[in-house]
Structures are given as C-alpha cells and as structure tokens.
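Asker: Spelled out, the chains give:
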Amino acid sequence: MIFLRRQVPLLITLITGLVFAAQYYVPHPASEQMLTSVTKWLQIIGGFALVLGVSSLFHVHAMKIRRKEAGWGYSFVLYVSMLGTIAVGLWSNGKEAIDGTMTAFGWIYNFMMVPLQGTMFAILAFFIASAAYRSFRARSREAAVLLIAAVIVMMGRVPLGEYLIPLSGDLSQWILNVLNASVRRAILIGVSLGTVALSIKIIFGMERSYLGGGKE
Amino acid sequence: MPVETIIGAWVATGLTLFIFSFLYKDNPLFKLAENLYVGVSVGYTIVKTYDTVIVHLIWKPIVENGEWALLIPVAIGTLMLTRYVPKAAWLSRYAFAFIVGVGSGLAIPRVISSYILKQIEDTVRPLMVMVPGEGLTFTMNLLNPASSLNTIIILIGVSSVLFYFFFSVEHTGPGKAVARTGILFLMIAFGAAFGYTVMARMSLLIGRLTDLIEFTDPSYGRPSLWLLGLTILTLVVMGRRRPQGEPPEPH
Amino acid sequence: MKAQGLRQYITRAVLALAIVMLGWHGSAQAQTDVQTKKTLSPPQDVRAFDTPSDGGSSLTVIWSPAPYDSAATRYQILLSEGTTVPDLAAMKVVAEFPANQHYVRESKWPWWTRPATGEQHQYTLRNGKGGELKDGTVYSITVAAVLNDDRGIATPVQATPQPNWMNWNQVNNLLLALLFGGIVFYSISTARKREIFLRRIPGLDAVDEAIGRATELGKPILYLTGAHDMSDPSTIAAAVILGRVAKRTAAYETDLLVPHRDPITMAVCQEITKQAYLEAGKPDLYKEDSNFFITSDQFSYTAAVDGIMLRKKPAANFFMGAYFAEALLLTETGASTGAIQIAGTDSDHQLPFFVTTCDYTLIGEELYAASAYLSREPVQVGTLRGQDIGKALILGILGVGTILATLGVMLDVQWPQLFLDVFKDVK
Amino acid sequence: MSFAERMLKIDRRIIFLVIGLCTLFPLLYPVGLPIKISPEVRGVYDYIESLPEGSVFLLSLDFDPASKPELYPQSISLLRHAFRKNLRVIAMTLWVSGTGMADQVITQVAREMGKESGKDYVFLGWSPGGSAVIINMGQDLYGAFPADYNGKPTKGLPVLQGITNLRDVNYAVSLGAGNPGVEAWYVFGKDKYKFELGGGCTGVMAPGLYPLLRSGQINGLIGGLRGAAEYETLIGQKGRAIAGMDAQSATHLAIIVLVIMCNLFYFSLRKQAKQQGHSGA
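Residue numbers (my numbering), protein chains in the order written: chain A, 1239 to 1454; chain B, 605 to 855; chain C, 7 to 433; chain D, 116 to 396.
Simulated from the structure, these hints should not be mistaken for lab results. Any given hint could turn out to be false.
[Unchecked claim] Derived list of chain D stretches under chain A, where covered just means 3 residues or more per stretch with a C-beta under 8 Å from a C-beta of chain A:
hint, stretch
1, 143-151
2, 161-171
3, 179-193
4, 211-218
5, 247-259
6, 374-384
[As the list claims (entries may be wrong)] Simulated pairs of lysine-lysine, DSBU-like, Cα-Cα distance not exceeding 30 Å:
hint, chain 1, residue 1, chain 2, residue 2
7, C, Lys225, D, Lys230
8, D, Lys309, C, Lys430
9, B, Lys629, C, Lys319
10, B, Lys629, D, Lys124
11, D, Lys200, D, Lys270
12, D, Lys270, B, Lys664
Values in this document were obtained by computation on a predicted structure and should not be read as measured data. Ideal placement from N, C-alpha and C gives every residue a C-beta, glycine not left out.
Put together the whole structure using the sequences plus the hints.
Answerer: Okay, structure coming up:
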C-alpha cells in the first residue's frame, strides 16, 4: 500500500520528468507528436483542476449560509450571481456574442464583469499615490536612489514631463534599457537557476511537498 | 439606443461607484459589489471551461473523430477529484505527479535556453567595437544600448546583483563594496518599476473615469450623476447610523 | 546510433579546431572583374546532405565561394526528385539570391556542428517554401550561378532528407543541465555531511524586533503566506519562517493571526504552528483557530485582511510568499495602522511596493535563504549552496567571455568563438 | 504637533481626492501634448510595416478586463495597422476572462475596416492549458483550436490556407498582462518555432521585459498606455490612449509634487529634531 501511495507517484514524476526534459533535444517528429498529445492532455486536465478550486469556494460559502454566519447575506449574493452567470452562459452557448450581436452572457460580461474587475484594479491608482507620498522619503542613500529613479521614470513616461524637462525622456529610456535591464537580467538568471534546481529535485523525488503535506 | 445598453450603463456605473466607495471606507455597498464580482467571474470561468474543455476538447474529438486516447487525460483529471473522498484521496497524487513531472521536465531545458544561455549571450559582448574607417573604438553613446559604455555598465550591474544574492559567502571586504553596488542597482530598478507602475495604475483609473464620463450622457439618462448622488447619500446615511463606521464582520 | 553521433561530433570538433587555428583568412581572395567573363564557371565542390539535427523534410547544400561572388551575380538552387537528372534545364529553381549571401559563417551553427568552413556557401531547403521535401525520398540537387544571360550549372548531387534523433546544436544546453544538476546533488550531499556556512540575513533580526514590540504594545501579530499553494517554493519558505515567528510569539505570549487563501496551506501551517508552540514549551497557549481560511479570491481576501488590520490593529504585519496586485492594498492599509511591516517575496513585479512601504523586505532569493537558514535542512541549504556555485560559474563565464570577445575584436581572430559558442543559445 | 508633522500624517483620503481630480479634469478638458516615439514601439510598427500583403499576423490578446484600459487601445491600433496592411490576422487569447473582450475588439475593428471573418481574419477564442496551448499550436494549429470562436471548424478556413502550425506565422504579437503572456510566447513559441515576436504589456510588466528586448528575444515592446499612445500616433489614428495621456501627465506631476513635498516636510522635521537634540545636549 505504501508503495502504491508513495513510490508510484514519485516514479511517475521521475519518468515523465526525464522523458519531457529529453524531448527538447530530440527533433524527430515522433517526439514532437508526443509533446503535442501530452500538452493537449494538460489542457484537459487543467479543466479538471478548476473543478477543485470552484468546489472549495462553493463549500466555504455554503457553510457560511447554512450557519447563518455574520455577513452570510453577501455569500448569498455570491452564490446567486455565480449560478445566474452559469445559467445565462449555458443558455447563450458560452458565447458573449454570436455574429456580432451581444448575448445575455455578453451583457453580464460587458456591464458587470468588465467594470467590476477594472475598478478593483483602478483603486490601486489611489493607493500607489498615497504610498508614494508616505514612503518616498530620502531616509538613506538607497531610499534616495530609488526615489530619484522613480521620479525620473515618472517624468520621462508622460508628454508633460518630457515637455518640462526634455532630457527626462532619454534618461528614463536609459534607466529602463540599461540599468533596469541589467538588474532584471541578474534576477532572471538567479531565479532560473532556482527553477532548474527545483525541477531537478522534484524529478528525483527530493522535493515532494507538491504531493500535499508530508504525512499519510 | 437599445434598452439593454441603457440598463447596462446604469449597472456598470453603479458597480463602479460602489467599488470606488471603498476609498472612503469599507462599507456594505463595496461588499455587495465585491461578492457580485467574485460570483460573476467564477461563473464566467466555469461556463468558458465547460464550453472549451468538455465540449470542444473532449466531447467533440471523441464523438466526432473517435480520438479515444483523450480518455487518458479525462481519467487523470478524474483522479484529481478523488481529493474529496478521504479514503481514495491518495489517488489524486498520481494526477499531481504527472502534471508536476511534465511541468518540471519541460521547464529545465527551456529555462536554460531562454533565461540563462540567451541572457549570458547578450551580456558577453566585446568592450571595443570595430568601426569601419576608424578602427577600434570605445563608444560612449549612452542612448545606444549596445555601446561599449553601456556594455560595461550592464556587466557591472549583472555581476554585482548576482553577487548580492550569494548566500554562502560573507559580504565583507571587497565583497561588501560589490554587494552595496548591487543594492544600488536593485534600488534603481525598483524605482524605475515603481514609476512605470504608477503609469499602469493611473491608466486603469483613466479607463474607468472615461467610462463614467461617457455615462453622464443624456442618451443613457445620466446614470453617472444620479448614481454618484445616491452612493454619497447612502454612505452619509450609513455613517450616521453607525458612528463608529466599522461594521462588525468576523474573519 | 549514439556512438556514431559521438564520433561524428568529435571529428567535427577536431576539424573545427583545425580550421580555427588556420585563422579563417581564406575568404580574402582576389576579386576578378566579373564583367569581362563570357561564361560563368559552375559553382565548385557542391555537396548536399540531410540537414543535421532537425525533424526531417530538409536538405542543406554547401559549395565553395567563387571569384564572381558579388551582389550582381545570383545563385540558384535547383531540385528534382530521383537519382538521375535527364535534363539540367528542367530542374526546378527552388531558391535564388545574390551571390554574396548565404555563407556558413552567417548560419547559426556552433563550431561543433558546422558542416564546412565559414567562407563556404550554404543553403538550407525546407518543406513548404518552394516545394515539398519528403523524408526518405532521394533528391537531386545542384547550384547554378547566374549573371545576366550566363548560367553555370554544377553537376547535381544526391541527398535524402530524414528526421534525426538528436539535436547536436543544443548539446551545450544538455551539458549545462547535467553539470548544474550534478552541482546541486553534490552540494546537497555535502550539506548532509557537514555544516555549510550561510550568511546571516539581516531581515531575520527585524523579525525578532517586531515581535518584541508587539508584545510591549500587547497587540497581535499578522502573518500572511502569500497567494500560491504549497507547491510553490515561496509558500514553503513562508511556512518555514512562520515556524520561527510562531516560536517567538509563543515565548512572548503574543497573539498570532494567520489568514489563509489555500486550505491545504492552512492545514500545513496549523501543524507548523502547533509544533512551534510545543518547542517553545507553551503548548497550552496554542490556538487551533489562529490559522484560518478566508477565501481563495484575490480581492475578497484582500478586503477581508484589510478589515482585520483596521479592526485588530496588529503591531506587526508579515507578508511572506508570492503576491500580486493586492500587495500594495495590503501594505498601504497596514502602514496606515502604524504597524511594523516585514515582507519577503520572490514576486519581482511587487518588490518595488514592498521595498517602499515595508520596514524591511527580504528580496527575491533572500526569502529562500532565510528559510534555509532557519530550517537548516540539508536539502534546502545544499540547494542554496548549489545555486551559489552556479552563479559563481556564470559570473566567471561573463568575465572570461567579455575578455575573450574583446580580444577577438582587437586581434581580429576567431578562436575566442570556440569558448563563446559554448554559451550561446543555438537551435 | 508641528505643521510638517501634521502634513506628513495627512489623511490619505485627501491624496485620493487630489489624484481623482487630476485625472478627471484633463479628461474633461484635454490639452493634447505631443507624444515622442520610442524605439521599442517603433520596433513593432516597423516590422508590421515591412511585412508584405497576405503575411500571417498572429495577435494573442493575453489579458483580462482588469488591464483593459492599457491593452485594449494597443490591440485596436495593432489590428487597424494589420488590416490596413492587408495581413491575414489570426487572433486568440490565453486568458479565459479576456475572451469576450478580445472578440469584441476584433469584430469591431474588422467591421470598421471592412474585413470578413474567415476570409481576412479569424478569432480562435480561448483554449485552456496556458503555455501548453502554445506548444500545441506549434505542432498543429487545428489540434489546439479545432473550431474558431463562432464554432466554425478551423480546417478549410480561407484565411488559414497554407498554415499548419506556428512555423507558418510571419509575425506574432502577444499583448500580455501577466502569465501566460509575452514570456510564455517566447519560451514555448518563438524559441522553437522561429517566428518573429513582438510584445505589448501593461506598465507593471514592462520593466521586467527589457532584458528580453535587449537580447532580441522580442523585437519590440509596447509598454502600457504610453506605448499605446505612441502606436496611435504612428498609425495616425487618435484613440483612447492619446486622450488619456494628458490625464496621465497630470497625475504623474501631482505625484511628483507630492513626493517633493513629503521630502521637504521630512527634512524640515529632521532638522528640527537635530536642533532639539543639540539644545538638549
């Protein structure tokens, strides 16, 4: 039993990992064919993974409503809007528009989802301003450098800034293209080494947290 | 103008304003809009996944083209759902083992190629350039990212930041100076990113406000103005009723 | 199959080395006046073969440069199916280009797979463009030089396209993967045998200080583990650091609040917290509901955590793990309540906000380092050490590579390419 | 509490108000400041400009409504440009919640330019799997998308004639708001199937994509609303992005002024503290 529960998953990871790492070096059509099929499989499995996420959400809010916890009314709103969207969506065959005409599903998308999501992120505009006001203080040399770079890029990215200080456009270009790029590159290299190390450890079974907890 | 567009404009305006009311403080209008948002977006994803995965990737290929091999991923996907059956939950490990295995395998050579070799290739450049007619030159043009001066700056930046992230070496002596240079480079990059992000977030706000301005048009019945008044009124009334301004809410 | 490939590879390497030593100066041949020639001599040394290291349906032709190589002259590639060519003029023209183009040195081949020296001409025929090439079918192929009405056609040669089992161009990628894998395994095994030095992460001092202040004020501590689930290394690191924080809060008898976005992470963190309280000798103080689940949705979670910050006013907020756009909403609200804030994340797009709004930030890999430093687990410490060695290697390559590349330009020689090609991303 | 101290601890809702007004006024009363074109944006524009008629242009709209203000204007400009050059356009998305928006933008621009679905362009819709979709398309486009968004089988569509996989694409642009996005298109797409790739992204992503731009992994980058405004200028059609740039200017300036103010207050406070420290000693 332990073998089935513990060794077999590790074996599956080892084999699939090695096979798909090796696939990269094999240009033969057979290997490409294998890659195609398996990525298609991943697409399908990805659909099932969504069921996992959704059902946990379902469960949490169902509990809230059943126990009549404070704020359960909001959970009810969530439930109704979710089920309503699903019903309307299936009725519209999952299409927002058919030959250019908006369906009911498209209406929900355009007049509810788009403004809601957009506004959620737009709130950040205000927060970023107050963050800048509160924390952009030249407390140390590092903080001063950060502050100056931010101000230059802010100037250089808008027409008014370039109009007031013509140099700011080129300067921000240089900061992004040279200074910023070099740092990002170093981070990229570091992170990539980490990714490769982690992948190797996963394939050889030294890292198993993805199997969900350490205990049986 | 079609009726559904006018109703849509009212709904969109109302929801936008409800969420913006969070800037004043957390309030029931915001919570309503927020839960609506979660519900609608989850519902949307479910419909889309059903339509694409079940209908177009599973049902049609199997029934219409007889691609029975697709039952394998369906089986793997089903294994994932055994998580909900405590006794068979271990079966879901097979599915995760497969996904993680394929993902790790795919990642290794591709990451090395795109993020290590390609980045090394572009950093390693000659410090002098052969200019026809002038011979060997050290180009100083800051605006040309490929100039010799910039090549040196990039080399210093990449090396010092890489060194900063050394953990098995103490940052002392000359190492300290290098690490400090690394930090300065990091801070410049963070500053630049902050500045750029300001632009991104402001764009979102501009986008929302453009819509709100559009909806002040009489052809929609001026929903922006009416609903703005209504939202403010609601906030004031609710503020009166609960002077503490903090609605009780458990975690 | 493999042994043959290896031999081929070694032969090529030796060949390439020899060529490089000769300095590749052969191309500087004297130019004759093209206009005076009446008939063009056909291209010399035409060779055709299956394009190596590819998925098939492709042929490569190689021929020597000629005195008439200039923009005015053109080369044509001619193709026909079968081993014999009854009529040269009936062969199909599949490609045409100026005669001063398509040199081997312009192709992306690294030195170990180059089929010929740099100054030779090369052209790769592919399926789809100008005709179909079937694997396993013999083709006759030749090159013609054309100037105005003159046409010199070389004798056709035969080749068969076929798919290959190994892409030798990418062998450097494979070797690098194996080398780095070896380094990681080696350092992990070293870490199992003896202690490996890790430098102290300054952020960890800040952790203790923050908990101390919360105790003085008698306020709780808020700890977040990020947006990802337990399969993400950043979440694992966040869970390890939670263990340390929980041990301190147990010792100081401070309240701990850990709101979660993922039920599995919550279960794992409950175990970790319980263990920490046990180790601190205060198991009776442990509360099961200090770890609690809110919702997996980004903004609902954020709004709920913001609510906790505003109502319970924790004295210290910890943000460890992976974050997205919610980062700023969390830290700004936290700052408005006056809490000490400590962050640690590898989400580089959110780092600027943590750095500006938090009192201390573990930047990128510092998060992993902190967790390895605290857990002292050989696998973690060893991996960190392995990555350090990898970075040192890359630093070395950058240094040596730049010097060699500069020398190559200054002395106008090709041999530095021997080193540089190894670290090129070739396909 | 001194004035400086009070100013530093100002209610942040006042700052919110300042930002709100600075965005609103320029939108109501635009000025129209000139916009300079950066080489990154020009890279994408020039490449499309150089493509001959009938070339295959793939546009992947990898974003959701949250990034609409930045990436929607970018997609409109790119599509207008591509249609004007009579390229064959293949549009798709890797983000499920962006499907409706992507369909909307392409239908709208196609109608405006008099293009026909199936003949001049195709919208493939969304398919799950993230970067796996790219790999799949690299092998077989029809396997990854058996039908287009409207349910028509992709095999046999005139616009896709002669196209079997990503190798037949001349130019691909990913407008990405995150992952999967521009990077995934490089790693799993261009890297292997060797089409030319350009990128468009939100302002948050842009600084992180510069190393790829520098090393030529992408041949151009349209960054955020500013990038969109530059592209609108390049194709000579003013749109939402150019209209938004004035508001952008105003808010940026407001934030810079705020930052300067906060530093002035901060230093005056520090000076005070120092003086008090001296007098105390």
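Asker: State for each hint whether it applies.
Answerer: Outcome of the hint check:
For the stretch 143-151 of chain D, the proposed coverage by chain A is satisfied: 4 residues have a C-beta within less than 8 Å of a C-beta in that chain, meeting the threshold of three. For the stretch 161-171 of chain D, the proposed coverage by chain A is not satisfied: 0 residues have a C-beta within less than 8 Å of a C-beta in that chain, short of the threshold of three. Judged by the Cβ-Cβ criterion of 8 Å, the stretch 179-193 of chain D is covered by chain A as claimed, because 6 of its residues qualify and three suffice. By the rule of at least three residues with a Cβ nearer than 8 Å to a Cβ of chain A, the coverage given for the stretch 211-218 of chain D holds, with 5 such residues.
Restraint check on the stretch 247-259 of chain D versus chain A: 8 residues with Cβ-Cβ distances below 8 Å, three needed, restraint holds. Counting residues of the stretch 374-384 of chain D whose C-beta lies closer than 8 Å to any C-beta of chain A gives 6; at least three are required, and the coverage claim holds. For the suggested pair C/Lys225 and D/Lys230, the alpha carbons sit about 65 Å apart, so the restraint of at most 30 Å is broken. In summary, the hint linking D/Lys309 to C/Lys430 is supported, as the alpha carbons are separated by about 16 Å, within the 30 Å threshold.
A threshold of 30 Å between alpha carbons decides the hint, and for B/Lys629 with C/Lys319 the separation of about 16 Å falls inside it, so the pair holds. Between the alpha carbons of B/Lys629 and D/Lys124 the distance comes to roughly 18 Å, so the proposed pair stays at or under 30 Å and holds. Taking the CA atoms of D/Lys200 and D/Lys270, the gap is about 25 Å. The hint holds against a cut of 30 Å. Straight-line distance between C-alpha atoms of D/Lys270 and B/Lys664 comes to about 15 Å, which keeps the hinted pair within the 30 Å bound.
Comparing the model with each earlier hint shows violations of hints 2 and 7; every other hint is respected.
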